[in-house]
Every structure is written in C-alpha cells, then in structure tokens.
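Enquirer: The residues making up each chain are set out below.
Number of protein chains: 2
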Amino acid sequence: MSKSETKKINSKERIRSISGFPEWLPEYRLVELEWIDSLRRVFESYGFTSIEPRSIEPVEVLLKQGDTDKEIYAIGRLLGDNDNEVEPSYALHYDMTVPMARYVAANMNQLNFPFKRYQIQKAWRGERPQDGRFREFLQCDIDVVDTRPIPPHFDAEIPIIMHEAIESIGAGPLTTKINNRKILEGFYLGLGISDTTNILRIIDKLDKIGTDGVTTMLSNELELSATTIDKILNLATIKGSGEIVINRIKGLDVKSDLLHEGLDELKFVMQQLEKHKNGTFLVDMSIARGLAYYTGTVYESRFTDYPEFPTICGGGRYDNLVGDFVNKKLPGIGISIGLTRIFAKLMKEGKIKATQKTPTEILVVHTQNAPYDFIKNTADLLRSRGFNVEQYHEDRKLKAQLKYADEKMIPWIWFPPNKPNGPHEVKNSKTRDQNIANPNTWLPD
Amino acid sequence: MSKSETKKINSKERIRSISGFPEWLPEYRLVELEWIDSLRRVFESYGFTSIEPRSIEPVEVLLKQGDTDKEIYAIGRLLGDNDNEVEPSYALHYDMTVPMARYVAANMNQLNFPFKRYQIQKAWRGERPQDGRFREFLQCDIDVVDTRPIPPHFDAEIPIIMHEAIESIGAGPLTTKINNRKILEGFYLGLGISDTTNILRIIDKLDKIGTDGVTTMLSNELELSATTIDKILNLATIKGSGEIVINRIKGLDVKSDLLHEGLDELKFVMQQLEKHKNGTFLVDMSIARGLAYYTGTVYESRFTDYPEFPTICGGGRYDNLVGDFVNKKLPGIGISIGLTRIFAKLMKEGKIKATQKTPTEILVVHTQNAPYDFIKNTADLLRSRGFNVEQYHEDRKLKAQLKYADEKMIPWIWFPPNKPNGPHEVKNSKTRDQNIANPNTWLPD
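As given, the protein sequences belong to chains A and B, one line each in that order.
For the first sequence, the numbering used here assigns the number 449 to the last residue and increments by one with no breaks.
For the second sequence, the numbering used here assigns the number 449 to the last residue and increments by one with no breaks.
Everything labelled a hint here was simulated from the structure, so no lab data went into it.
In this text the structure is predicted, and so the values were computed from the model without any measurement.
One or more of the hints may lead you astray.
A pair counts as met if it fits within one copy or between any two copies, since identical chains are not told apart.
What the hints assert, rightly or not - List of simulated lysine-lysine pairs, DSBU-like, C-alpha gap at most 30 Å:
(1) Lys401 to Lys279
(2) Lys68 to Lys16
(3) Lys401 to Lys423
(4) Lys361 to Lys181
(5) Lys333 to Lys401
(6) Lys355 to Lys332
(7) Lys332 to Lys361
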C-alpha cells in the first residue's frame, strides 16, 4: 500500500467512532482502571505474576492454535518494504493464551515452574461487531503451566480466584458450569467409541441445534446406534451438584480408566468449590468448550442475571498447547475473563456508576491577594501529604474556579487566606460546609 | 492476503523473538509495573485523568499530523473482505498525541476544560530497530487541552510533573532543555523575515550539520545576508539559566511583539523551574523540536549520564493540533515520555534490579500430617489479611517445596503445625530465622 492510495476522508469521518473499537469517557475509564487494579490485586494475592507479551505473533502461530476461523488482523508497514528487508507475516494476537504459550516455550529455561501468570491486555478480532462482541477488547487471563503434571489443586483454585476477581469488581453474580473432558471422552471410550473428538464437536452444538439435531448428526455422520446415542445424550443432560452428578453418571453403568480419572478430579474440584461458593458452581455434562486443546476440567461462566448473554469467562486444562512449541510436556490450566465484554454489558444495563470525572480530591483556588507562589506552595504541601491536588491554573473570578470544580465533581475546595497570616479554609462540595483548616494537618471527614 | 499465502515457518521461528518488539521476563515486568504505578500516582496527584483511546486511527488522520515520515503499521483482516463490507484504511497509532487530539475533538461536548489527561499505552512504528528505537513500545503522555488560551501555569507545571515522574521511577538524573518557539519566530520577524518555518527547519539541524552547514543552507536556500545569518546563529548558541539567556537575547537588540511575548513566558517558566530544580532545567536556543505543530514553549530531555542517547522525553505547546479536527480553537500543551526506551536503556546499563520473580510474599507449605483443607485455610487466612500468599500446590517432599520458594525468591515460608493444636512457624528466607507465629496476628519484621 502506498501513501497515495489511502482513501481521502472528510472531517466528520476523521473523528467518528469505529465500530467494535470501544472508547470510554474519563469517568468510565476511572472505573475501568479500578477494575484492572482490583483484578490484579486478587491475582497477585494468589501469587500470579504479570507478563506482557508483544501484541503480534507470526500468522502461522495464530492460525495453528485454537479457533482457526477467528478473523485475524494482519499488520504491514504502510510505506512498504523500502530496505529490501523481507517482511514476515505477522498479525495482532486474538487472545492471551497463544501468546502466553509461545512466551513460556521461548523462555522456558529462565522461568520457574509451575509458572503462574496473569495477563491483562488488549486483543483484536476482526469479527462483525454485535452485542457483546468487540474488535479491540481487554482480555484478562490467569494460567498455570508446569513441567510436571498439573496437580488437581489448580483445577479447584483457578475458578475460585476467578470468582473472587469478578466479585472484587462488583460484576457478579456469575454462574459457572464445570465439566471434565476426561469424563466425556472416558464415557465414549467406555461405550467402545474411539473417535471421541467428533462426538465432542457435535455435543458442543446441543445448545444451538437441540437433542434432535444432535441425534441426527451422531447417527448420520458417525453412524452410531440408537442405544449408543441415547446413552451419549443421557450423559449430556446430567447437571447439578458434584455429588448428584457423579452418582448419576455412575448409575449409567459405563466404565473406563479415563472416565474414572475424570470423576475423581471432578469430585475433588467440586468439594472445594461447593465449600467455597454454594450454588454458583454447577456441574453440567453438556459443556464441552469449543476449543480443541482442552484435555480435562473445563469452565464456562455467564451472568446469572443475563443468561442469554454470551459466555464472559471460560477456560480449562490443556495438556499439549504449550509443549507443542518445543516438543516437550508442558501441561497447563487457565481461565480467561472478557473484561471489555463485561464492562460494556454492565454499562449498558446502567450498573456502572461514574462518580468522578478526575482523580483530583482537592482544588486549591486563587483567592484575592494570595500570590501565585503561596497558592502553589499550598497545593504542593497538600500533594506531599498524599492527596491528589490541582492548583487552579489562573487567577480568575472565584465563580469560574468553582464552576470548574463543580463540573469535574472535585470533592474539596481549598481557599488560601485572603490576608497575610489569615486562616486557610476548606469546603466540602457535597455538604457545602466550609471550615478553617490547616494544610499541614487537615484530613477529610 | 489469504490463508494459503501465509509463509510456512519452522518450530524455531515460531518461538523466536521479533526484532523491535521487546518482552521482559517476569522479574523485569514486575519493575515495569511498579514504574507504571508510580507514574500514574504522580500524574493523578496533579489531577490528570486516564484515557485509553483505541489503538487504531484512519490512515489519513495519522499521516496528516506530526511526522508524516513515520513508518506506520496498517492493519487488515487476514481472511479479507467476506461480507462485501468496505474495509476503510486503518493503522496502529504511532504516538499518544494524535489519538488524544482526535479523542478530545470527538468528545468535546462531554469533556470539561481545561481537560487534563494522561495516557500510558502501547504505540507502534515500523522503524528499523536500533539502539533506543522500538517497533512496539510503551509511551506515556500528559497533556492539557483548553477551550481558552492555555495559561502559562501549565508551561511550568508540565515539566515539573515530568521530572517528578521520572524521579519516582528512579530513572534520573535528566537534563531538560527548554525553549519557546515565539522567541525564535519573534526574533526572525524582528529581523524582517516572515518565512520563519524554513529557518526553524534549518536551525533544527544545527546539532547534525553544525554552524557551517546551517550557514550554507540559510544563505543558499533562503538567500539571507551574512549579517542576518550571524544574528540567527548568535541567537541559536545562547543557552543557560533563564535570567542569563533573557539578558543576552535582549542584548542582541532585535525587537518584535512575538519575541517580547516569548521572553515573558520563558521568564515565568524558568522562575518556577529554577526554584524547583536548580541546574537540571536549562534554556537552550538551539532546541526547536522537529514537529511542525509546536507554537510556544518546547521541552527536550536526555539522560544526564548518557548524553549521546536519543531524547527520552519531549513536548511543548501546540495551539492548533486539536482544534483542527473540529475547526475550533483548542490549544494544548503536553509532554511525552518514552517509557520502553528508558526502561530498555537502564536495563542494558544494569541499573534495573530484579528482586522478585513473583509478587508472592508467603508460601504456605505442606507439612506432615497437615490436611489439605487446613493448609488451604491457613493460606486463605493470611491472604484475607492482605498478604500475597501461595498455598504450595501439592503434598511433596519439603525439599522440593523449599526449592520452589527459593527459585521464585519468595521472602517468607509458612509451616502449618505438624500435629493438631501445634504451633505454626514462619521462616525468613533471607536470614533463615524460623519462629513460632500466629496466622491471625503475624506481621513481617
């Protein structure tokens, strides 16, 4: 592409919003930042550390892993190749999982395992924008990758952390459905079917095409008998608490080592979760998760209050994703939170309250006869005591200064003395109380 | 571009680093995050609020403003246009200024002025990577935009904030050179030259081509007389404290209203800065700043210890950049910090100390006879008291658990009791002191 080929656009187009690329006003950005801070605090409180991989990956890496039908944004230098430099094909990452896997594989000799990381970063997908879908969005992931088998401890801890994180930002209640791919695959193996991948793919459509659709596909595509299909569908409809589900599955009288392993893992996970959070975690045998790479426990969360809204958190255990890069065993487990999706939905529902337009706590105004330096020193003093302080930027009529404070919703107005050695005063913007105050000792009430 | 055209790459290429796209190990990412937190704290303490514009802009917007020779990364959907949807030309932003200007213009009815914002965000430039230059980097800007003339207060406050920010991350000392375009342009006008833009462009090369080169260009291109060139070069070599510089310029006996205005502004700015920071702020008449949009005070900072290293902060006053979008007067002033450039340079110089590989403060280990739930409860209790706590993830030999803590540099190891009602103990990893401790009350010493 050359400079001259770029489209000419008019001035309205120059400032108009771009569909799928959200931007918030400052008062909402303040809330978004609080959310990011809270999430980070929760993740760090469990010993997860931040990484920030580059925004691009080789196109082949992005296409190989995960959903290859994701619409990927490729990048290329506008002015083209001017140094005979060969430009490889790079694209913006569409999730946090693939870059994390590549990062861990690339740095494995310098990382310590189990490696526990969180990532709160932008991702890009060239999807057609619609309710709950964005082309640029904040994604927020935690994952554990190990050089040894991942202990079941993490299968239970990861959703606990995720729920604590969602609660910390006031975005709950969530309903999280849990399953274990080993149960599904082990069950199919127990029925004598080895091509479990195709059954999983079809069962994953249960939500969309219903029992009849799935029956037809299982019968036509995989040529399964009516009895087998019946058992597969029986399994898929089981849901509830850990104990109930495990008993019902055992009652179906199908056996395999993998099924047994899956049931043991699920039992431990649900014991921990049900202790922690009664009712918000449910086992659901219809949850398979679309992505091919999951190999054990899988999670899927939705808003309890908006059950029709798409999944807002999802994840699970993947034994081969990371290791594939370096031909080693590096199993992992993790969960992903669609931060922008959650934020935009709650904003739309009027659940996000903007209470400030600035982080400023105190505005120091220019009063009659107080010199610039005195006002500046007052602001500096209050700032050195830990407050967020603006010195009003010019000597204007008080009315104009107070209007500024009012519009920006600044909670305190500070009045330096009008005469030498006079007292400072401070006004509470809400109650309109105004009192004498000492900038060395004043504290908000 | 279609899927089939993407280059096939081997497994080494899949994980190799991409030149100009830096990534840090977790121990350095922890420091980078501390830096970001500190910068944010300083900016917010002066009442600047965060905005996070989208990562892309229409190509025409990016090309129109600022350095049009920046190598811009255009984006395009890999799978192309499958819905007959017209894909406009978008590209990743190369700085924070243009997106801020567009954001302010687009939202001006919902913002309150003077609008004071900070932005800490990624930017992309398709430059040939070299020392101090990156293709993906963190940039960190503060700006003020107003609907009225910007008061000189901000010309002084902005570099004070910037120095405080750089000090807060321990990246100083910096040397900041200050100038005012009004002085340069006003001086040229006083000499009877109205085409000041071309002189500025040539004077900006003084650093690179020296006095002789500049003399030749001024003489050949602009056909200026030897006397005039002499005066222009005389001005360009003046540097030092505010008072010295102002007196020397007055001594050159050139007069114009614009020059007078510039000197007044410079006087106020330097009075504030020299009070604040003796010696680290210097006036330098050779500083013109390349960008066309500056119209008043300009700033340029380098590492005092590495004077050959490229500029790490720069900025100034621009009267027309924002307003251009909406055909209104929206003057602004701001400064930009090259965070990745600073971080990478100090890392290379060994000045960034990594002291932790995880935010974890306490590792709760599995001891003999302590059940999983008891260990979990201990970890939860310490976590609820505000500590970052990992419960070791499986019941392994103590040696393996301590090795993990050691490798991740976790400062405290917590030992739950070996027998019911026995005491907890905690060990300081550095001093190796181990003492009885109560998880309800223990505090690190």
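Enquirer: A separate judgement is required for each hint: does it hold in the structure or not?
Expert: Hint check:
In this homomeric assembly, Lys401 and Lys279 come within 30 Å of each other (Cα to Cα) only across copies, at 27 Å, whereas the closest approach inside a single copy is 62 Å. Taking CA atoms no more than 30 Å apart as the test, Lys68 paired with Lys16 passes between copies only; the shortest distance there is 15 Å, against 40 Å inside one copy. In the homo-oligomer, the alpha carbons of Lys401 and Lys423 lie at most 30 Å apart inside one protomer (17 Å), although the nearest pairing across protomers, at 73 Å, exceeds that limit. When the C-alpha separation of Lys361 and Lys181 is checked against a cutoff of 30 Å, the pair qualifies neither within a copy, at 38 Å, nor between copies, at 33 Å.
With identical chains, the CA atoms of Lys333 and Lys401 are at most 30 Å apart between copies only, with a shortest distance of 22 Å across copies and 70 Å within one. Taking identical chains as interchangeable, the C-alpha atoms of Lys355 and Lys332 are never at most 30 Å apart, the minima being 46 Å within one chain and 35 Å between chains. Proximity of Lys332 and Lys361 under a CA criterion of 30 Å is satisfied inter-copy only: 23 Å between copies versus 51 Å inside one chain copy.
Checked against the numbered hints above, the structure breaks hints 4, 6 and satisfies the rest.
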